[in-house]
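A.B. asks: As a plain string of letters, each chain reads:
Protein chains: 2
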Amino acid sequence: MAGLTRYLPILDWGRAYDRHAFLSDGMAAVIVTIMLIPQSLAYAMLAGLPPVVGLYASILPLVVYALFGSSRTLSVGPVAVVSLLTATAASSVASPGSSEYIAAALALALLSGLILLAMGIFRLGFVANLLSHPVISGFITASSLLIAASQLKHILGIEAAGHTLIEMAPSLIGNLGAVHLPTLAIGATATAFLFWSRKSLKPTLRALNVPDGIAVLLSRTGPVMVVIASILIVVGLDLGAKGVALVGDVPSGLPPLSLPVLDLSLWITLLPAATLIALIGFVESVSVAQTLAAKRRQSISPDQELIGLGMANMAAAFSSGYPVTGGFARSVVNFDAGARTPAAGAFTAIGIALASLFLTPMLFHLPIAVLAATIIVAVLSLADFGALMRTWNYSRADFTALATTLLVTLGGGVEMGIIAGVAVSVLLHLWATSRPHIAVIGQVPGTQHFRNVLRHEVVCTPEVLGLRIDESLFFANARAIENVIQQEVAVRPDLRHVVLNCAAVNSIDASALESLELVMHRLEDADIRLHLSEVKGPVMDRLKRSDFLQHLTGEVFLSHYQALEALSPNMRDTPQVSLRPCKS
Amino acid sequence: MAGLTRYLPILDWGRAYDRHAFLSDGMAAVIVTIMLIPQSLAYAMLAGLPPVVGLYASILPLVVYALFGSSRTLSVGPVAVVSLLTATAASSVASPGSSEYIAAALALALLSGLILLAMGIFRLGFVANLLSHPVISGFITASSLLIAASQLKHILGIEAAGHTLIEMAPSLIGNLGAVHLPTLAIGATATAFLFWSRKSLKPTLRALNVPDGIAVLLSRTGPVMVVIASILIVVGLDLGAKGVALVGDVPSGLPPLSLPVLDLSLWITLLPAATLIALIGFVESVSVAQTLAAKRRQSISPDQELIGLGMANMAAAFSSGYPVTGGFARSVVNFDAGARTPAAGAFTAIGIALASLFLTPMLFHLPIAVLAATIIVAVLSLADFGALMRTWNYSRADFTALATTLLVTLGGGVEMGIIAGVAVSVLLHLWATSRPHIAVIGQVPGTQHFRNVLRHEVVCTPEVLGLRIDESLFFANARAIENVIQQEVAVRPDLRHVVLNCAAVNSIDASALESLELVMHRLEDADIRLHLSEVKGPVMDRLKRSDFLQHLTGEVFLSHYQALEALSPNMRDTPQVSLRPCKS
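Protein sequence lines, in the order shown, are assigned to chains A and B. Going letter by letter, the first sequence gives residues 20 to 603 in this note's numbering. Going letter by letter, the second sequence gives residues 20 to 603 in this note's numbering.
You may find that some hints are simply not true.
Same chains, same names: a pair is fine if it fits in one copy or spans any two.
[What the hints assert, rightly or not] Taking lysine to aspartate or glutamate and the DMTMM-like style, the derived pairs with C-alpha atoms no more than 25 Å apart in a straight line are:
#, residue 1, residue 2
1, LYS218, GLU482
2, LYS555, ASP489
3, LYS555, GLU490
4, LYS555, ASP257
5, LYS218, ASP560
6, LYS221, ASP282
7, LYS221, ASP231
8, LYS261, ASP403
9, LYS218, ASP231
10, LYS261, ASP560
11, LYS221, ASP403
12, LYS314, GLU543
13, LYS172, ASP403
14, LYS314, ASP513
15, LYS172, ASP231
16, LYS555, ASP37
17, LYS314, ASP37
18, LYS314, ASP231
19, LYS555, GLU434
20, LYS218, ASP544
Everything labelled a hint here was simulated from the structure, so no lab data went into it. Note that the structure is a prediction, hence the values are computed from the model and not measured.
Please construct the entire structure, taking both the sequences and the accompanying hints into account.
C.D. replies: Below you can see the structure in the form of structure tokens.
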């Protein structure tokens with residue numbers, strides 16, 4: 020039973036579900052639904068899909084996440100960055116508006132769902148760690164700029180194409196002469212109002228003595244207010260006839276079932292993009308879910324989140340949707356509005372289903388420019404230029420990763436940007452760990468302690484070299500150790516013994532073991548023996564599973580002092596003769 | 020002057036050059052030249068190039084390496100694995116035998132030379148660390164099998180094509196009926212003799228009372244003996260007329276100057292292969308050079324090796340050669356034969372130049388099958404199947420990297436094999452470090468010491484949670500810390516303070532800093548303050564460059580005891596009341 024509860028969290032919270040929870044969840048669902056309708060339409064448009072697909076993606080996936088997700092308050096559905104990734108990937112295999120394009124979006128939902136599910140089942144969530152914070156930060160900032168730029172054409176009422184700034188800039192600038200003024204008027208007004216409402220609606224409402232809780236919730240309804248107002252204006256002034264692009268006919272009804280195409284070559288082509296959608300979506304979701312869970316001292320399970328998100332994406336694939344994930348803004352609204360259990364998500368799904376049954380005819384006169392304004396205002400709040408300066412101050416390596424991701428994403432697109440960012444951050448990390456700190460150590464006179472000869476007044480004997488390795492040994496730093504030992508040995512003509520102090524070595528991988536063997540044989544050729552001291556238990560256990568210890572030219576000493584005592588036999592009787600200051 | 024010596028090592032050893040060194044180097048050069056002639060022809064054939072290109076690649080590159088290389092005894096020239104990489108890359112853009120194919124090989128030499136040079140100048144040698152030992156081991160074993168399989172057709176006298184076992188197997192098996200018996204007789208005999216001479220020639224010579232040094236050197240001349248014997252047999256029995264494939268016309272003369280084509284799209288296509296050639300070549304060279312230098316207590320400079328190898332490859336590109344690197348077998352022969360300085364390499368170049376001026380007509384009747392036998396025997400000694408078992412015993416992660424590289428290389432080719440191996444080993448390393456050891460610590464009663472609650476009888480207070488982080492914090496383990504803290508906090512309802520003991524934290528990157536800030540804000544939402552204790556100096560310096568410490572909800576304590584004292588004020592007066600066994 021405990022096992023099943025782990026994979027179906029609903030069995031846990033569902034048993035304690037009561038009227039109070041129902042009322043809280045229901046209220047939250049109403050508010051999230053109102054917020055979600057314009058957002059879903061807008062993000063579907065950003066993904067290059069018919070707006071109604073955004074509504075479809077906000078129904079079944081929410082119900083499925085409510086069953087499998089581990090977060091109580093995460094709100095799943097279309098989000099900006101994943102929509103951009105979908106647009107990039109789908110338009111690489113089909114042209115927007117075609118049925119192949121919609122099929123590609125479904126395939127992306129299915130593939131990313133399967134990837135998430137597999138990562139959850141095999142507990143591979145750690146792969147998302149490859150996306151370091153600077154990489155994500157640079158990627159989100161670049162994506163939000165790309166998204167905002169891609170919506171400019173809708174605000175201006177002109178044509179433009181491309182998925183990178185380099186591709187978009189020429190057509191945007193070239194068509195500037197063809198700006199459609201009524202569209203621009205609506206788009207610019209909507210953008211301005213949304214920016215204002217985001218920042219100033221709440222204080223204004225408070226100043227008008229609206230109770231705090233209601234002011235917070237009303238301030239989130241800016242997009243809906245703009246949608247309603249713009250529809251009224253379009254109808255009143257008959258702007259559709261004057262060339263303002265409208266959403267047009269949105270089919271009514273529940274999402275039709277869909278069967279993703281079984282096209283292996285298409286799947287292979289889309290696999291990298293689907294992986295990216297899965298990873299980015301997972302990172303965004305987990306980060307939001309953990310932040311919200313912490314506020315109520317709850318915890319989430321990242322592995323279960325993978326399963327919940329995976330199932331939600333599969334649901335999207337089979338109900339005419341497109342890739343979904345947990346969104347930041349919508350989850351915060353859900354939380355603030357009082358959602359207590361995942362049932363709130365299911366109720367939201369009912370709300371969106373009602374909207375797609377009955378509200379869609381009213382969306383006919385909604386201007387595309389207003390949806391574009393919704394997107395622009397939402398994504399620009401994600402851009403974080405301050406991170407550039409903060410990261411520069413904190414660490415040049417992290418700044419390099421951030422700046423690389425940002426620039427490559429802007430110039431070369433989302434996939435290339437992420438790949439470049441991950442490659443740079445992994446390389447910089449390996450570089451940072453590729454030179455482990457290795458100290459030549461000498462004896463603190465009269466004690467059994469050993470310290471770095473560069474920092475302390477210690478004594479040494481010319482026949483024995485003590486080296487303390489201050490890091491675990493693995494492939495990235497294995498060769499550095501060969502180099503250091505070789506250099507230290509080359510300047511000591513009287514050397515007979517090298518003792519590696521391994522007190523700080525937590526593991527030795529096969530590459531490092533090979534390096535140690537190489538070092539040992541090279542030392543042997545120069546008639547020098549290699550010894551180890553203070554090897555930790557787990558490291559020793561592992562060494563015993565290789566034949567390194569059988570070949571070892573020297574011994575393994577429990578303490579470094581024992582090593583010195585054994586290897587320079589005169590030391591105990593005449594330390595003043597055999598031990599001299601190390602720096603001499 | 021010291022600076023120039025660093026970049027031109029010849030200024031160092033050249034000044035002390037005397038008659039004694041000249042005689043040693045000269046003797047070594049004669050022996051290496053004899054060994055190199057058949058090897059150069061064979062490896063050029065393996066690379067899909069006219070055999071004479073192998074001679075060309077053994078002239079100017081050796082002279083240039085003698086000027087710039089830091090190893091005294093490394094012998095540079097064509098080697099098996101790099102020849103295979105050249106064949107794979109060049110045949111992806113041109114068909115063997117065409118002038119475009121030769122141009123591709125020159126472009127590969129130029130590009131890998133430039134890459135090596137750039138890595139040397141920017142001190143990027145650490146990039147080679149990405150090739151962990153299991154990856155190299157799996158790659159070399161798989162390559163040697165691929166190379167041996169690719170030569171089978173020459174031994175059998177049949178046609179076969181492909182660069183992976185999967186591609187080669189069908190055509191090899193399908194053409195088995197067409198085996199050319201005279202070719203097979205020569206090829207099989209040569210292979211058998213070479214295997215025998217490799218293993219048993221030296222003991223046999225010793226048993227015949229040949230002095231030890233001469234026996235060692237003579238035992239290396241197996242390939243030359245086979246070459247001479249086979250030419251005599253071919254001429255004597257007129258086997259050329261009976262269909263045995265011969266080397267044929269080899270142009271006499273010094274290598275013609277060549278100008279690599281300036282074709283940017285070709286260069287971009289070849290860039291990944293050139294990078295691989297540069298990295299693999301560098302790793303092989305440095306490993307050999309370091310082993311040999313250690314025998315004489317010399318040391319080499321990896322960065323200078325990059326420059327030496329880079330210049331050697333550029334020289335190959337401009338003298339009708341193909342990519343070269345430092346070879347294991349030839350360098351050992353050079354060393355054993357008494358080479359003392361890089362001048363031995365320059366003298367070898369003179370030897371090869373003489374051979375290409377005067378000996379080439381004699382190679383007309385050399386059977387291709389004999390060259391193939393030379394290659395097979397040379398590469399099979401590189402295959403190391405024991406490594407599979409050794410690595411399995413030592414570490415499952417390293418075994419996975421080795422097996423992945425081996426299988427993907429065999430089935431998917433050399434480039435895919437290396438990429439898969441590097442990806443797997445980096446992922447496994449990040450996975451291993453993605454769960455840092457974090458211990459809940461309690462006070463050892465009556466002392467100021469703190470220990471893991473799971474291993475020691477220690478006391479705790481319910482308001483304060485002490486956590487000791489046993490690793491440096493970076494992007495791969497940053498999120499694990501969020502999870503651990505969240506889980507520990509969720510089970511402690513009375514908690515007011517979390518104290519992170521950072522005594523073992525050597526660095527905190529931007530991702531981990533972000534995680535700490537997130538954790539801090541989440542704890543703040545739950546009315547818990549976050550404190551740090553025992554932060555190391557460099558870590559503290561870096562934290563001061565961010566605004567983390569200004570936002571910190573708690574304090575930074577010098578010792579963990581001070582933290583506990585400050586945060587549970589009753590402790591000092593009534594420890595028996597405020598501190599209870601942690602496990603309760």
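A.B. asks: Each hint should be assessed against the structure and marked as holding or not.
C.D. replies: Each hint, compared with the structure:
1. Taking the shortest alpha-carbon separations for LYS218 and GLU482, neither the intra-copy value of 73 Å nor the inter-copy value of 39 Å comes in at or below 25 Å.
2. Proximity of LYS555 to ASP489 under the C-alpha cut-off of 25 Å is found in both arrangements, the shortest distances being 13 Å within a copy and 15 Å between copies.
3. When the C-alpha separation of LYS555 and GLU490 is checked against a cutoff of 25 Å, the pair qualifies both within a copy, at 13 Å, and between copies, at 16 Å.
4. Neither within a single protomer nor between protomers do LYS555 and ASP257 lie at most 25 Å apart by alpha-carbon distance, with minima of 81 Å and 69 Å respectively.
5. Within a single copy, LYS218 and ASP560 get their C-alpha atoms no closer than 61 Å, and across copies no closer than 36 Å, so neither meets the 25 Å cut-off.
6. Proximity of LYS221 and ASP282 under a CA criterion of 25 Å is satisfied in neither setting, with 50 Å inside one chain copy and 61 Å between copies.
7. When the C-alpha separation of LYS221 and ASP231 is checked against a cutoff of 25 Å, the pair qualifies only within one copy, where the shortest distance is 9 Å, while the shortest distance between copies is 94 Å.
8. In the homo-oligomer, the alpha carbons of LYS261 and ASP403 never lie at most 25 Å apart, since the shortest distance is 38 Å inside one protomer and 77 Å across protomers.
9. For the identical chains of this complex, LYS218 and ASP231 are intra-copy neighbours only, at 15 Å inside a copy versus 89 Å across copies, given an alpha-carbon limit of 25 Å.
10. In this assembly of identical chains, the alpha carbons of LYS261 and ASP560 never lie at most 25 Å apart, being 80 Å within a copy and 63 Å across copies at closest.
11. Taking the shortest alpha-carbon separations for LYS221 and ASP403, only the intra-copy value of 23 Å comes in at or below 25 Å, while the best inter-copy value is 71 Å.
12. Taking CA atoms no more than 25 Å apart as the test, LYS314 paired with GLU543 passes between copies only; the shortest distance there is 8 Å, against 61 Å inside one copy.
13. For the homomeric pair LYS172 and ASP403, the shortest alpha-carbon distance inside one copy (23 Å) is at most 25 Å, but the shortest distance between copies (61 Å) is not.
14. Taking the shortest Cα distances, LYS314 and ASP513 sit within 25 Å of each other only across copies (15 Å), while inside one copy they are farther apart (65 Å).
15. Taking the closest pair of Cα atoms, LYS172 and ASP231 never come within 25 Å of each other, the shortest separation being 38 Å inside a single copy and 84 Å across copies.
16. In this assembly of identical chains, LYS555 and ASP37 lie within 25 Å of each other by CA distance neither inside one copy nor across copies; the values are 55 Å within and 51 Å between.
17. In this assembly of identical chains, LYS314 and ASP37 lie within 25 Å of each other by CA distance solely inside one copy; the values are 22 Å within and 80 Å between copies.
18. For the identical chains of this complex, LYS314 and ASP231 are intra-copy neighbours only, at 19 Å inside a copy versus 80 Å across copies, given an alpha-carbon limit of 25 Å.
19. Within a single copy, LYS555 and GLU434 get their C-alpha atoms no closer than 43 Å, and across copies no closer than 38 Å, so neither meets the 25 Å cut-off.
20. With identical chains, the CA atoms of LYS218 and ASP544 are at most 25 Å apart between copies only, with a shortest distance of 23 Å across copies and 74 Å within one.
In the structure shown, a violation is registered for the earlier hints numbered 1, 4, 5, 6, 8, 10, 15, 16, 19, in ascending order.
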